[in-house]
Amino acid sequence: AQRVTQPEKLLSVFKGAPVELKCNYSYSGSPELFWYVQYSRQRLQLLLRHISRESIKGFTADLNKGETSFHLKKPFAQEEDSAMYYCAPREYNFNKFYFGSGTKLNVKP
Amino acid sequence: DAGVIQSPRHEVTEMGQEVTLRCKPISGHDYLFWYRQTMMRGLELLIYFNNNVPIDDSGMPEDRFSAKMPNASFSTLKIQPSEPRDSAVYFCASSFNFGGEAFFGQGTRLTVV
Chain A
8 AQRVTQPEKL LSVFKGAPVE LKCNYSYSGS PELFWYVQYS RQRLQLLLRH
58 ISRESIKGFT ADLNKGETSF HLKKPFAQEE DSAMYYCAPR EYNFNKFYFG
108 SGTKLNVKP
Chain B
112 DAGVIQSPRH EVTEMGQEVT LRCKPISGHD YLFWYRQTMM RGLELLIYFN
162 NNVPIDDSGM PEDRFSAKMP NASFSTLKIQ PSEPRDSAVY FCASSFNFGG
212 EAFFGQGTRL TVV
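Those protein sequence lines, which keep their order, are chains A and B.
Under my numbering, the first residue of the first sequence is numbered 8, with each subsequent residue one higher.
Under my numbering, the first residue of the second sequence is numbered 112, with each subsequent residue one higher.
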């Protein structure tokens, strides 16, 4: 069965500290990986996708096929980064997005 | 485009009543997804459509749940009869083409008392 694991429900860091939100997946095929973010009172929206290999709002994510991980990282967290983050592999052949249970990031001043 | 539009934003109903949630996808998008969000289980995919045709409904929890997409601009998710454990936020999302980014609506918060 396909599975996405985000082990931390809540992650609290101080402003300026590095942050890493963990995501591990279990898939039979070769999924495409996404990170979605939901800021307070806003819609869930795409943050980044692994095929783009880009940095969005200072966040990067590297796909490690050996470890089946797609951790989200930012070297210096900002208060405006406080939000709910979801790791979402897409089952390639079926265009199905699966979402992890989410990690709430709280950046303290 | 105003994005994916869901209605109502909030719904409170009594156990046993029928509930209908509505979604208008972004014009031109050919995929539509229904998700349910709870604290315990996060975001669960319930069903998705391609060109108005249901492709995978394996996430629909039980027969009390049904979804339709009569045309490209409208979809409904119906729960009949509703139960307190159905209380959750229900999201609709749409995407353009295979592999496109999913755009989400603002969700419907359902409370069944």
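One thing to keep in mind: the hints can contain errors.
To be verified - One side of the interface only, derived from the structure: several residues of chain A facing chain B at Cβ under 10 Å: (1) V11; (2) Q49; (3) N102; (4) F106.
Treat the hints as calculated values from the structure; they're not laboratory data.
All residues carry an ideal CB built from backbone N, CA and C; glycine is no exception.
Broken hints, by number: none
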